[in-house]
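Asker: Line by line, the protein sequences are chains A and B.
Numbering of the first sequence is given in our numbering, commencing with residue 1 and proceeding in unit increments.
Numbering of the second sequence is given in our numbering, commencing with residue 917 and proceeding in unit increments.
If you're looking for bench data, these hints aren't it; they were derived computationally from the structure.
Check before you lean on any hint, since a few could be wrong.
[Stated by the list, open to error] What the simulated footprint calls covered on chain A by chain B, stretch by stretch (three residues with Cβ under 8 angstroms from a Cβ of chain B suffice, anywhere in the stretch; the number is not a length):
| hint | segment |
| --- | --- |
| 1 | 32 to 41 |
| 2 | 94 to 105 |
[As the list claims (entries may be wrong)] DSS-like, lysine-lysine: derived pairs with alpha carbons at most 30 angstroms apart:
| hint | chain 1 | residue 1 | chain 2 | residue 2 |
| --- | --- | --- | --- | --- |
| 3 | A | 640 | A | 739 |
| 4 | B | 992 | A | 738 |
| 5 | A | 163 | B | 919 |
| 6 | A | 673 | A | 640 |
| 7 | A | 794 | A | 640 |
Just so it is clear, CB atoms sit at the ideal spot from N, CA and C, and this is done for glycine as well.
Below, each chain spelled out in residue letters.
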Amino acid sequence: MGGSGAGTVFTPQEFDEKVAWGLKESPVHTVLVEESLIGWKEYELEVMRDAADNFVVVCSIENLDAMGVHTGDSITVAPAQTLTDKEYQRLRDQARLVMRAVGVETGGSNVQFAVDPASGRVVVIEMNPRVSRSSALASKATGFPIAKLAAKIAVGYTLDEIKNDITRQTVAAFEPSIDYVVVKFPRWAFEKFPGVDRVLGPQMKSVGEAMAMGRTFAEALQKAVRSLEIGRDGLGPLERDAEGPYKGYDSRTTRTDLLRVPNRDRLFAVYEALLEGEQEASISQLTGYDPWFVAQIAQIAHFEQALTTLNADTLRRAKRMGFSDAQLARIISSSSASQSPSLPVSESTVRTLRHTLGVFPTYHQVDTCAAEFDAYTPYLYSSYESESEAAPTDRRKIMILGGGPNRIGQGIEFDYCCCHASFALQELGYETIMVNCNPETVSTDYDTSDRLYFEPLTFEDVMNIVEREGAGGGLAGLIVQYGGQTPLNLAARLQVAGAPILGTSPDAIDLAEDRDRFGALLDELDIPAPAHGSARTADEAAAVASKIGYPVVVRPSYVLGGRAMAIVDGEDDLRRYMVEAVHVVAGKPILIDQFLEDAFEVDVDAICDGVQLVIGGVMQHIEEAGIHSGDSACVLPPWKISQYHLNIIREYTEKLGLALGVRGLMNVQYAIKDDVVYVLEVNPRASRTVPFVSKATGFPLAKIAAKVMAGHSLQQLGFTTEPGVTGFFVKEAVLPWKKFTGIDTRLGPEMRSTGEVMGHASTFGHAFAKSQLGAGTALPQEGGVLITVNDFDKGSALKIARDLQRMGFEIYATAGTGDFFVRAGVPVTTLEKGSSGLSGYTTLDAMRDGKVQLIINTPLGAHAREDGVRIRQLATRLEIPLITTLSAAQAAVNGIRALRQRDLSVRSLQEHYAQA
Amino acid sequence: MPKRTDISSILIIGSGPIVIGQASEFDYSGAQACKALRQEGYRVVLVNSNPATIMTDPEMADATYVEPLTVEVLEKIIARERPDALLPTVGGQTGLNLSVALAEAGVLARYGVELIGANLRAMQVAEDRELFKDAMTAAGLESPRSGVAAYAG
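Throw the hints in and build the complete structure from the sequences for me.
Answerer: Written out as structure tokens, the structure is:
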């Protein structure tokens, strides 16, 4: 799955290296060698078959990127655009044969084809006899619910017996027909993984995707680009660093390289090349993009070049090609031929002009049938046509802004919250309107909300919907606090433009982010916080840090997931950081905090209605301060925090919620060091831990809070006391090390996990052991443990080593750690360091020989030592559980002890709640 | 054809934590499947280790297990819940692989659990490059020219 370990080789020498590596790394010691179809066109068909041998093609999908790039990393288009009907029918017939040949009697499948553009030769690449990423995309693209139908035909129904929810007239045996174009665009997170090869290939590297719909390919493509939230308002040239080279690439990289080698910026390289007059044929040849696609993109580029003035005609034409207001403002402002160069053109100027000239978007239904039948589920996208479908109702309604494409730090947890907001508000009788552009979600299912707008989450696109849905006066408000940072970044502008924001005010959210205002509030409430300041320049930062004292935690404001967050030990590092960080968030200040070394960290989720605050859950992080909360395991209820400190935490949380005027969810992070409770940050919005706390307590926090935002009090809702928790619930983060080999896997203040698992049990040890098992790194119950820790950790590591040794584990260590243990009476097998260059038996040898079943390795300082890096990298490759903090090691000892005493048992949530 | 009445409870295996290549699209597919099967009156037993999903909301299934996705743990759940059938196709590659592993380990046979929605042979053929290639060739379809190399030393 996701193409792990796959690669392409071009020379016999590369072949030898890669195959030798693969044979060694493969769990079954085999390697598949396959002819490369690089440059061939790639298509997918989403098909279904039932027990009566009814067969439907739900959707055809064409990859813009030719074969050689994992389909999850390709820009894809539905329906296929460059097939003739005859070619399409051929693929259709073959897909049917593939299903039969594989033996899929009933169900949905995805069949992938490669077509040689020169000879027309068709090759079946693979098929998945299950619901896949592509079938989710196909479901969203067509409104045809593949998973639901797969479930129904699995229990015996045939496609002609299942009614289509959208039309209520047709049946599922009708193949969907669509009168629009859908583009999916992946989103990558390379900035979080320095050193990872950015070239795209057979192993998937993207962490999320956006989907957009339009009446033309051009419109859908441009909408997809602005949906990605990568700082682009539509198509545009490549980004350059101030010094000249293309941003993110070394200085020797040319545009031709970016066209030829698959990478995340290739489409923009194509656009830039077209703007600069390169031949379409040569671009098509370099990229492998079908000439039709290049011609379409060229039309957009030519329009941009010819655009000098905005009037009703050019605006309408621009909009039909997907240009955004911001993009048009940018183009007109930079156009030398602009007729009124004295007037700066802004996004709002374009918007006002558009309104004056009557150029408004129209909304169209995704109805599976190209408007042949009436549609009953308003699933909508915008375009600029003459007439809209699905007029707004006169019901009282609330709009929920989703989180956009998944990224590290903003993923499924926020989609969960948005869905819950919709469910809760429907219970209160509101019509709910969801706006989102991420096809990999439940929020964009057509039956999650009353109305679904599959649209980019930009000011322009959201405000257009607000104006449409608000025209009748029934729009009670928008929920912007549930979709992560994406809607929050729009909140202030939406409010200024007249959109009613529900719940905690954007100003209170800003107060919590603004160091000066927040610091003043903490002083007023007499709540301690780490010494802190903010800076916009390196000199300012150095002055602030020397006042606070190193080490300090530095991070940009207004980001999620600890983007560019770091711990710095001295001024040189700080100055280097400031240079890099300024690129990440131009114009926003950098926050500088005192770093509380070895502190315990605590997360609290709470709901406040302005009068009363009720805590949903208090979680203790397993990893100590300095590891991002999203990458740290945590336990509910707290495992090792005294009642005294918990009471202080509860008191501070209440004070903060009431003082900020929170109406809805709030998350507070605390650190406890030397008996003092410090507030690290307050986020008056949905947090990543809300679903976890809800599952652990049985109280749906996001739902309750959504009702509070709609005006109900906690008293009315009957949620007035902190829920008790029976047993222990541990959440563990899951990190993408296996996909990004060759980078250091130590944890830090920048979040890098993609997902999470939960383990629950009556004891902490069992719950922790389950969380590790769920995360794919089962704790061993016997064997060898390699312990290499820094000098500061040796004392605490001794207890861990002794416990493990008493349980029968063989302890391995390098000389430094080993001597210390031996002197303290713990028998140790000493190994050479992997980087020592000596001929002895090294840590890496012992790992390769299967003698090590668990590794405890604590790095020190900002500069990881080479031997530690090599241990960690090898551990990832060999899938040996690796623990990089002593607090997690202590938890692991608890887990191992629990497992040795009693095997894991299982219990459903329903049973748990009934007995709790 | 009417729906089957010889089975009454169905096990669904989710896709676990979000990883690159397997994201929240399987929350969408799993949640849809749970809803559809419960509407048809089946008892749904769901297993997924990922608490941040809509599908693990307690009202989505009759019994929701937020437990590690391993063959051993799934066997314990099957032993307790005794589902009649297993729907292996809505939990991504993870759900499919675990279903195949449960079948191959004899767990499904031991507890009388029937695979529905995809049969074991089809899953094996789709997963194994050589079996797949043979199947394509037999059907007169072309697949990439290939061979498998095994480690000899």
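Asker: Of the hints given before, which are not true for this structure?
Answerer: Those not satisfied come down to hint 3.
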